[in-house]
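Peer 1: Per this note's numbering, the very first residue in the sequence shown carries number 72; after that it's consecutive.
None of these hints come from the bench; they were simulated from the model. Since we're looking at a predicted model, the values are computed, not measured. Treat each hint with caution, since some may be false.
[As the list claims (entries may be wrong)] Computed cross-link-like contacts, EDC-like style, restricted to lysine to aspartate or glutamate with a CA-CA straight-line distance of at most 20 Å:
id : residue 1 : residue 2
1  : K186      : E102
2  : K209      : D197
3  : K194      : D146
4  : K186      : D208
5  : K186      : D219
6  : K209      : D219
7  : K211      : D117
8  : K211      : E115
9  : K74       : D86
10 : K74       : D105
11 : K74       : E102
12 : K194      : D207
13 : K74       : E184
14 : K209      : E115
15 : K194      : E177
16 : K186      : D206
17 : K186      : D207
18 : K186      : D197
19 : K209      : D117
20 : K186      : D105
21 : K74       : D85
22 : K211      : E177
[Unchecked claim] Derived DEER-like restraints, expressed as beta-carbon distance ranges:
id : residue 1 : residue 2 : range
23 : A168      : Q224      : 15 to 25 Å
24 : D105      : A212      : 17 to 27 Å
25 : S101      : D208      : 31 to 41 Å
26 : D145      : A204      : 12 to 22 Å
All C-beta atoms, glycine included, are put in the ideal place defined by N, C-alpha and C.
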Amino acid sequence: MNKLSFDRLSTLSDDARQSPRQRMNHNIHSELSDSVQRLAIAMEPDTYIRPHRHMQTWELLTALRGRFIVLTFDDHGVVSNRAILGESESLIETPIAGWHAVLSLEPNAVIFEVKQGPYVPFKEEDFAPWSPAADDDKHKALMSWYRDAQIGQRWSDC
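Using the sequences and the accompanying hints, generate a full structural model.
Peer 2: What follows is the structure, encoded as structure tokens:
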């Protein structure tokens, strides 16, 4: 039986704060080749989740602790849906090949993700071409924009 205790969530959040990326995951699945990937991800507010898509799978998200803004986009970067996971929504599923991004709204927040496996590492074409890379300081402006972005709006280098 797999379990995820509240103590483990706290440890995961501590590890995320110590990580340069400001996030840390705990896999529930035992192998990266498993047909269903299940993981808790501690995400601090400064972690950058670049808009991306999964070409072979849907993605299911729910908040275990804290709140998250979840945005979905069309191919041109226009917001097509906005939700606050852990506040107005308890679960969100992004369809196959749907562009999406997540922003943690508070410290110690932990999101739970489920998607079809096996694990496939991201390639550059999985990231939205209109979004800055993690090593580009413009990503900070995009993250700030996430907070107030509304359906129908498009981010352009703020």
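Peer 1: Against this structure, judge whether each hint is valid.
Peer 2: Going down the list of hints, with the structure as the test:
no., hint, verdict
1, K186 with E102, "14 Å, holds"
2, K209 with D197, "19 Å, holds"
3, K194 with D146, "17 Å, holds"
4, K186 with D208, "30 Å, violated"
5, K186 with D219, "27 Å, violated"
6, K209 with D219, "17 Å, holds"
7, K211 with D117, "9 Å, holds"
8, K211 with E115, "14 Å, holds"
9, K74 with D86, "19 Å, holds"
10, K74 with D105, "18 Å, holds"
11, K74 with E102, "16 Å, holds"
12, K194 with D207, "17 Å, holds"
13, K74 with E184, "15 Å, holds"
14, K209 with E115, "19 Å, holds"
15, K194 with E177, "29 Å, violated"
16, K186 with D206, "27 Å, violated"
17, K186 with D207, "28 Å, violated"
18, K186 with D197, "15 Å, holds"
19, K209 with D117, "13 Å, holds"
20, K186 with D105, "10 Å, holds"
21, K74 with D85, "19 Å, holds"
22, K211 with E177, "16 Å, holds"
23, A168 with Q224: 15 to 25 Å, "21 Å, holds"
24, D105 with A212: 17 to 27 Å, "37 Å, violated"
25, S101 with D208: 31 to 41 Å, "38 Å, holds"
26, D145 with A204: 12 to 22 Å, "21 Å, holds"
The structure shown violates the earlier hints numbered 4, 5, 15, 16, 17, 24.
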